[in-house]
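One letter stands for each residue in the lines below.
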Amino acid sequence: MTAQKTVKKLKVKMVSIYIMGKEYKVPEGLTIHKAMEYAGYKLVRGVGCRAGFCGACATVYRFKDDYRLYTGLACQTTVKDGMYLVILPFVPAKKPGYDIEKLKADFSSIVKLFPEVTRCVQCNTCTKVCPQEIQVMDAIQMILRGDIKSAAELSFDCIACGICSLRCPAEIIHYNLFQLVRRLNGKYLTPKSQHLVQRLKEIEEGKFDKELEKLVKMGPEKWKELYAQRVIE
Amino acid sequence: MGYPGYPEEFWDSIEKVEATRERRLKEVFKRITPEEKEKLLEKWHPDYRPEGKRALKLGPNKGDYVPNEVADILEAYPLIDPNDIDLEDIDYDVDVLIIGGGGSGAAAALWTNYSGIKAENILIATKLRFGDANTKMAQGGIQAADRPQDSPPIHFIDVIGGGHYANKPELVRILVKEAPLIIKWHEELGVMYDKDEHGNFIEIHGGGTSRKRMHAAKDYTGLEIMRVLMDEVLNREIRVIEFSPAVELIMDTSGQVAGAVLYNLETNQYYVVRAKATVLTTGGFGRLHIQEFPTTNHYGATADGLVMGYRVGTHLRDMDSVQYHPTGAAFPEQIVGQLVTEKVRGLGAQLVNIDGEQFIYPLEPRDVVAAAIIRECYGRNKGIVTVTGQRGLWLDSPMIEIIHGEGTIKRYLAAMYRQFKRFDIDITKEPMLVFPTLHYMNGGIEINEYTQALNADGEPIPGLFACGEVTGGVHGKNRLMGNSLLDINVFGRRGGINAAKHAKKAKVGKLTLKHVNVWITKLKESGIEPKRKAPIILPEYRGKRALSRSINIGF
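Protein chains in written order, with numbering that gives the first Met the number 0: chain A, 0 to 232; chain B, 0 to 554.
Next up, chain B with everything else stripped away, as it sits in the complex (with noise of 0.2 Å):
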């Protein structure tokens, strides 16, 4: 007997867990009143820690408070020195450059060949492999209001709410309008949603939604989605040159974004890209650690796009708010961090402390989960703590077995069940240990409805485009669970038709680096000392005995 993945102090409550258990599948937890929502996000949210933030001292948004780990990159000298780049000799010459190779960066291309940019006038950079991205790790759905009780207006109030009513709500208004356009495109390339024997997507709620509309393909929904996206740019023979981050914008001298530098990761060269439209799709910035949270993030997420966009003028909004995935694993160590996906909750599985009991409603909004949890754990201790100091709280799988039935976790949890039985933990019988993790940035550049970046007047930046997690507005400050691979396809699709529309007609002139010369004086300027660079393109996590060690003798 016992649980063999486990380590014995965790027994006891464990039984616990299950003692409790058929009490609690009739127990339905109260739901938090906007009063003490508040109250509970203010005193136990990591966004509302005063420490973790800083005013930027200057660009776009100088005065504005924001994460330190995103003040550390924004303030920051660049990679390169723009003397060193030979702008007349140019490597690749597009109509249209997407910088990022995931959802949404395949997203836009495809709408940019499907608008009549041809495969070999469009280039798609990325940093590491084409769709490493957390598109892939998304596991949980994608919402679209497309059943009759259900309508885009409702799924409006539901994403405007969720992001505390600081959305952009233009935008709010696209992604729930052309959610159920994004699935039928899915429909019609062949991506696998979950479906009964009549064509009916089997749709079930996520935090903070009020009606059933989480479409889903198991528990591997981006994967699918990202997997069928990259074939058909593949099929279509767009471009794509991969570990060759960009790591400065360039401009032309009448003012507007005219392609790339790119930086080869393996021979150490750089490339110029000269493009009549460039389209930032270079995601978020879990691996930035923001008060040293672990991550649900893949490793490229080091918000480069933010670091080059804010170099050409891009003004930044709701970046003082963070995402915290309420639900990371927080047992074993191996896969701390990692994301276990709302769904788990979706299913019915109720978060419980050490004495199997509930303390939240599992599916209020991310953030309120989250900041339950941390209070749960830290301010009234109740939490399971491991033996590296880790704490967490309950999240008892198991009752998603007898709510719909055994072989529903192996059918509809596929990831999930794997995850933890490569650790001797089956979750079909035995609860998980999780804990918040960073996991998504709610904010970003601001865009318009065509997806053109803006300057902080609210100006279009000409020959800038950007969509999917670099971008803010979408979300508020909050996002909901579904949320995002709906935006990486909306937005991405908005990005790719205007992108080439705006090609179709843009003349690019002289290509210059002098922003990034401007830049660097403004830097000096501000008294800030030329130690950090960015962008940072990969995080370090070399052993520091080796990293102390490590020279570089340029042999």
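Extracted from the complex, chain A is given alone in its bound form (with noise of 0.2 Å):
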């Protein structure tokens, strides 16, 4: 019943990959992962999620004669013929430390941990290399003119792989600076809910509480009908 039992034999043509400048022989249209695993590397560094959420696989490459650095993911991008490449699983990067709960939301506590945010020249590298096509110097700008929020919210696809941060002149760490900037939007720049202040209260009060207990002793067959008689919002 399963997809791999009822795969077909198919004739699959194969391409040239270089990896980290060794040529191997991998089928066409497997991702990056998939053909280094064809290969025959067991991967370690370099690999988390595979599905293009956890940022571990920044990878770049070129092609024989192109004198442009491509980026992507290695869970996510196709080998082509003649693709040279290598994965970067790890970026230096400083992390300041920092108590969210005694930071202002405003430029000054942002440049007070992150300086080199100053030093952009707007060469918007890092927008062009992003994999998530994230404008990353537009954000770098609203940060600058303290415009929190935007920023927050155009980084917020951030996936954190560091490519920006290789090839920023600057060297701006944009990951760890727009992990900053969203946690204080999130905290407080955002209206806090009311709903659910209000819920805590009643749950402090112990509102829920005897009907919970009576839930929990009540067993599967009051269960069923409770949930057969779901009156559904």
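These aren't lab readings, by the way, just hints derived from the structure by calculation. Source: prediction; values computed, not measured. Note that the Cβ used here is the ideal one computed from N, Cα and C, for glycine as well. One or more hints might be untrue.
With a straight-line Cα cutoff of 20 Å, these simulated SDA-like cross-link-like pairs (lysine to any residue) come out [claimed, not checked]:
| hint | chain 1 | residue 1 | chain 2 | residue 2 |
| --- | --- | --- | --- | --- |
| 1 | A | K221 | B | E37 |
| 2 | B | K36 | A | Q228 |
| 3 | A | K41 | B | P538 |
| 4 | A | K41 | B | F554 |
| 5 | B | K194 | A | F155 |
| 6 | B | K530 | B | D80 |
| 7 | A | K206 | B | K420 |
| 8 | A | K12 | B | K543 |
| 9 | A | K101 | B | L188 |
| 10 | B | K117 | A | A104 |
| 11 | B | K428 | B | E7 |
| 12 | B | K211 | B | N199 |
| 13 | B | K543 | A | K221 |
| 14 | A | K101 | B | W184 |
| 15 | A | K206 | A | P190 |
| 16 | B | K420 | B | Q333 |
| 17 | B | K194 | A | A104 |
| 18 | A | K148 | A | A104 |
| 19 | A | K200 | B | W184 |
| 20 | B | K428 | B | E17 |
| 21 | B | K183 | B | I496 |
If you want the footprint, here are the derived chain B segments under chain A, 3+ residues with CB under 8 Å [unchecked claim]:
| hint | region |
| --- | --- |
| 22 | 162–172 |
| 23 | 183–189 |
| 24 | 207–217 |
| 25 | 302–316 |
| 26 | 412–424 |
| 27 | 542–552 |
Join the two chains into one complex using the hints; note that each chain is given alone, in its own frame.
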């Protein structure tokens, strides 16, 4: 019944890829991760969720006779003939510690922790290399203008792969900086939920305790009845 | 014209999906009755295939049926020879050891610290990087009954009905009652949940919910929670040791769990950790590929915690049930098995067959929808078949843009949009092809309300705590969407608080791995051949040819 069992034998075209300069022939259409495994690599570094969410597999690649440096995630990028690639699993970066309770959601709090943000030269390299297609430089410029909310929203899809920070001539650590900016936005610049406060008060007062106790003791037959009687919003 | 991301043989069917869309917008498919549900599951859900399971030959769950792949790792020999390990030479001596660097591990670490254990006396040991875990991949949301028309008791009934009444009710009570507290904690930490301009959470339905209580952060909910918890762990300077999975628990001569042996994946050396309390937060088993299903899970999801726990006597529960997420990607080939969040259905997308017709109410619980998709593909032959033989059905995502307005997908399903766009499929205009995929370990180590791991007699194993996906009982035989992000936080928090409490008064005696030797003897007595070793740490995906030529010459 499962997919694997019904796979037909297909004729697959092979392509050449160069893993850190060494040539391997692999089937066309595989992701970089799967191609490396096909070649015999047991991945330990540079691999995580394998679905584009964790940022563990930042990869840079080039093609013969092409001066451009391309970037992508090894789990989401398909191999192409003549691809020279290396996975960069780690970016040395500072991560200043802070107590979020003691910070203010303003530019001066941010610049104290990440002073290099002011060195942005607007080269836009960060934006060009982002595998998530985030407007990275725009987010940096928003921070410089003190627009924390917009920067938090614009950087939201960041998976912290670190490629932007590797390429940045101003040596900005974008992903750690954006993390701070998002937390400041979430904590200080977004109104708090009132329903939640009310509900917590009710829970503290024990409003649901009796009913929950009854439910716990009820057993499957009664649960079934209640489940069948549910009114769906 | 046409659909550049899809092969031409799909186009006719896509046109049918488009042609029926307007009519279907007004059409509500009838909900399944309890009798129909039972019949459907029995015939089509993979859990009901007897050849997929076998009875365990030994250990606390001897005689219980579990998936063959789980039996394979439980009935396996240790990776280490206990006689090779020098337990006198301790590398890390801590109050609380947390094994696993996902969401429940991070939550446990923070609440250990909040409970008065100093950061330097806490150690998180993790297989890959800190945060490389299923938590980061959870897209859809987190449940909490915080709106006036909702309540923890209503949430309770949803959870227990979804779990087929097999849940441990005391754990469900904690889950639903402490949910609002967790959302408040996150709000204070600065998690960016989706809110309206007044600060009200934007809450929608998930499969099996009777109230709208799904809180989300776009479709990166797990990523957002994980990275905030990680940031806080790092700010508090709690120690984390990466690429060093635990391979065996250590006990002391009085019979309590007292730490673990870690293995450095890069230098191949072991580390001895002595701890007054040990918390297992190792997650689930997606990478065991139960019944050869593809999985949504991260690369390290190999159920190491079950293996280590079982050898010190933890009892497992509900291991006979496996969660297949109804909607894994079925095309393109590069992303087969990856998650298509339930939020797509939560926002109104219907599931339709090759003719563009509905066949199930889209927000039934996960096991029901998964079984219905399998029936539609294999029983009624109404699925699409791709060139690799993969079958699938349409998830009609463009409906979302019609119902909620243009731009909704890019705003609330950014990850999904991006993932398909990489392969030239625009999900705002074209449907997605889906098929069930292995998603979640419903069962696991049995725990009590204090997250203490229990033995076969229901007694706590001193010094050992467990929380998150590695545990069983909270979700019974089927977890609802949005309750795992909740689980890891609620029980991660409890794990941290209770481990801290225990560590403050515990005294650890002489360390021993005698239980591992005892286990080896039992394996031999049960006639198990010494060919399988566990925990397996990472799945084996190397190419057949490359693997067949691989030799270890120890240079």
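Going through the hints against the structure:
1. K221(A) with E37(B): Holds - the C-alpha atoms of E37(B) and K221(A) are around 18 Å apart, at most 20 Å.
2. K36(B) with Q228(A): At roughly 16 Å apart (the allowed maximum being 20 Å), Q228(A) and K36(B) satisfy the hint.
3. K41(A) with P538(B): Within the cut-off at roughly 9 Å; holds.
4. K41(A) with F554(B): 18 Å, holds
5. K194(B) with F155(A): 14 Å, holds
6. K530(B) with D80(B): Holds, because 14 Å separates the two Cα atoms, which is no more than 20 Å.
7. K206(A) with K420(B): Since the Cα atoms of K206(A) and K420(B) sit roughly 48 Å apart, the hinted pair is violated (cutoff 20 Å).
8. K12(A) with K543(B): 17 Å, holds
9. K101(A) with L188(B): Distance of about 12 Å is within 20 Å: holds.
10. K117(B) with A104(A): 28 Å, violated
11. K428(B) with E7(B): 16 Å, holds
12. K211(B) with N199(B): 13 Å, holds
13. K543(B) with K221(A): Roughly 54 Å separates the two Cα atoms, so the pair is violated.
14. K101(A) with W184(B): 16 Å, holds
15. K206(A) with P190(A): Violated, at about 26 Å.
16. K420(B) with Q333(B): 13 Å, holds
17. K194(B) with A104(A): Satisfied, since the Cα-Cα distance of roughly 19 Å is no more than 20 Å.
18. K148(A) with A104(A): With a Cα-Cα distance of about 9 Å, the restraint between K148(A) and A104(A) holds, given a limit of 20 Å.
19. K200(A) with W184(B): The given pair, whose Cα atoms are some 14 Å apart, holds under the 20 Å limit.
20. K428(B) with E17(B): 9 Å, holds
21. K183(B) with I496(B): 17 Å, holds
22. 162–172: holds (count 5)
23. 183–189: Satisfied; 5 residues make the cut.
24. 207–217: Held - the region 207–217 of chain B has 5 residues with a Cβ nearer than 8 Å to chain A, which meets the minimum of three.
25. 302–316: violated (count 0)
26. 412–424: holds (count 5)
27. 542–552: holds (count 5)
In terms of the numbered hints stated before, the structure departs from hints 7, 10, 13, 15 and 25, listed from lowest to highest.
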